[in-house]
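> Using the sequences and the accompanying hints, generate a full structural model.
Heads up, the sequence shown is in this note's numbering, so the first residue is 2 and it goes up one at a time.
Possibly wrong hints are sitting among the right ones.
[Stated by the list, open to error] Using C-beta positions, here's what the derived DEER-type ranges look like:
no. : residue 1 : residue 2 : range
1   : ASN47     : HIS67     : 20 to 26 Å
2   : SER23     : VAL58     : 20 to 26 Å
3   : ASP5      : ALA75     : 26 to 32 Å
4   : VAL30     : TYR53     : 21 to 27 Å
In case anyone wonders, no lab produced these hints; they're calculated from the structure. As the structure is a computational prediction, the values presented were derived from the model and not from experiment. Positions of the beta carbon are idealized from the N, C-alpha and C atoms, including for glycine.
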Amino acid sequence: MNHDFSSIYNHHEREVLSAVMSLAPKFPVIQANGDLLCDVACVALNRLPPRYIRHAVDFLFYLTEHERREIDAAIEEAVSYAFNFVQARMALRAKG
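Take a look at the structure:
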């Protein structure tokens with residue numbers, strides 16, 4: 002019995018990565034370092050509950066407009082927090 006689980010993913014991953022790339026220009030020092038952008042994405046994803054799905058269209062179909070707005074707002078807040086968190090950590094390292 003061989004099962005292919007490659008279609009399963011966390012819905013928030015794609016949304017968070019897109020939000021990180023959109024917000025990155027506002028944080029040029031972080032944007033210049035791909036590793037730091039990955040850190041931002043990890044911090045943001047860890048602030049969100051996982052939503053594992055196989056097909057985005059199915060996931061979005063069953064959400065109400067209110068739920069979609071809540072998810073979008075949560076992603077926006079998590080990414081904003083993550084950029085500020087990573088930036089603050091960079092400032093602490095620079096002092097030490």
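> Provide an ascending list of the numbers of those earlier hints which the structure does not satisfy.
Hint 4 alone not satisfied by this model.
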